[in-house]
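Asker: Between the sequences and the hints, there should be enough to build the whole structure, so can you do that?
So the sequence lines, in the order shown, correspond to chains Y and L.
All the letters of the first sequence, read from the start, carry residue numbers 46 to 260 under our numbering.
All the letters of the second sequence, read from the start, carry residue numbers 13 to 300 under our numbering.
Be a bit skeptical, because a hint or two may be false.
[What the hints assert, rightly or not] Label-pair restraints from in silico Cβ distances:
hint	chain 1	residue 1	chain 2	residue 2	range
1	L	E146	Y	T74	41 to 51 Å
2	L	N257	Y	P230	17 to 27 Å
3	L	E146	Y	G69	32 to 42 Å
4	Y	R238	L	T136	18 to 28 Å
5	L	A61	Y	T74	38 to 48 Å
If you're looking for bench data, these hints aren't it; they were derived computationally from the structure.
All C-beta atoms in this analysis are idealised placements derived from N, C-alpha and C, irrespective of residue type, glycine included.
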Amino acid sequence: MITLYDYELSGNCYKLRLMMSFLGIGYKTVPVDFYPGREHKSEWFLKLNPLGQLPVLEDDGLLLRDAQAILVYLASKYDPSNRWYPRDNPALLGEISQWLAFADGITGTASAARLHDGLFYELDIDAARVGAHRLFRILDEHLWFGEQEGRDWICSANHPTIADVACFPYVILSEEGGIPRQDYPAIRRWCDRVKRIKGFIVMSGVFPAGPAKAA
Amino acid sequence: MPMATHCSDRVLLNDWHVVADGSALPANVPFSTCLLGVDLSISARNDGAIRIVRADTGARVNSVQRYGFLWACLGKPERDILYIPEADEPDRHLVSGGSIAVKVSGLRAVENFLDMGHFPFIHTGWLGEEPHTEVVPYKVEITNQDEVLATECKFYQPIASPTARKGMIVDYIYKVIRPYTVALYKSNPLQKDRLDVITLFVQPVDEENCVAHPYLCYLKDGMDAATVRSFMQLIFAQDKPILENQVPKRLPLDPRAETPIRADAVSVYYRRWLRDRAVTYGAIPAHA
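Answerer: This is the structure:
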């Protein structure tokens, strides 16, 4: 049985809950009192992840940290359709890796701003917001040009990949960090498409898509 | 960026407000916060001594620690911090739910806490679900302690608490104790004659920003403290984006400003009670 060391309000933990829901696989969670308990810095947790960060996933004796790395693992092992992380398509794998790194950048900016505004983290809030807007502008343009070519997802495939799962949570939670998405229409449309993927689940702060209407 | 609005409500200036969760205060590093538009610097020494000073004048502010929280009073304290009898019961967890900043007037946060109507739509699958959307009539009164009290509140909840295994009709009592303090009493799933208590101390940062400091008094029976806390955060974080998107951010006290329905009876009482007590901070006052 997969064990996820989890915190409800973490967008990085949500990535994995979302991925496992898309894949339809079962798991159990060990709740970690991230706030205010700072249990991710506790002695027992540092043994699991010396970086003191969530999430951590355990499966079959394998212990993994880092949301993006775990997405790679889950999709490689548990996706018989081989679509979320197509192991036989080098170009697509390259693209996916590029956007996984981009997702880390979203964590470093949009997620940081959310921790500042909601949970009193001390950091340069203006720099975090400026950084997030820069990434959102790049993502919005990328998605807009994709739409012109008939592409609905971040990578060049006619189906979503783990790159979409990696980028979605801290984009959809950005307003909690004072980063509105009004100026990113292509991002907003992409968020709605992610919400309509079969198996989509929410976390606190994320709402399901409204009922679909014919265009 | 907090708005530097001036508070002139005596009832607020001369009362105690939570300004920090004591367990989350860093030692030897000053913690900055804001109360009623006044920037404060909080220093905690290694020996536990706390000092709060105003950033504008450097003057020391009255402070005490109670229920694990740090409290401040900007004026002259006219009454003691409220008494929570359940905090004296040894078979309860007494924990902070985790302080969370919300970009809305604290009065809006209190009012949201009183509302059952939103359960099926915002806390879907937890505190409510369609088609069980009806808020059956309940009683509201002003107690002789000058609190707003709502009783006989009942609501169907699929997962009412961290230990709930199936849906049940849950009994609630709500009590607004101070303008920025509200408590919820909820039937315990195991000991049906006793109530779990959540008291929400809302810190008015300024008129359009607050910090919610939930204080949880849950029966220990079958429950660990971290689970209670995690459930509280799950629920509160569902409310947060709704609260932050309320327009206007301050609570209108004019009865015609927003249209209540029968389910909002407690909110109608709360707004009138604020009006009668001349609370204007965080509100849009009614025009005479």
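Asker: Decide, hint by hint, whether the structure agrees.
Answerer: Checked hints:
{"no.": "1", "hint": "E146/L with T74/Y: 41 to 51 Å", "in the structure": "violated (33 Å)"}
{"no.": "2", "hint": "N257/L with P230/Y: 17 to 27 Å", "in the structure": "holds (19 Å)"}
{"no.": "3", "hint": "E146/L with G69/Y: 32 to 42 Å", "in the structure": "holds (35 Å)"}
{"no.": "4", "hint": "R238/Y with T136/L: 18 to 28 Å", "in the structure": "holds (21 Å)"}
{"no.": "5", "hint": "A61/L with T74/Y: 38 to 48 Å", "in the structure": "holds (39 Å)"}
In this structure, the one hint that does not hold is number 1.
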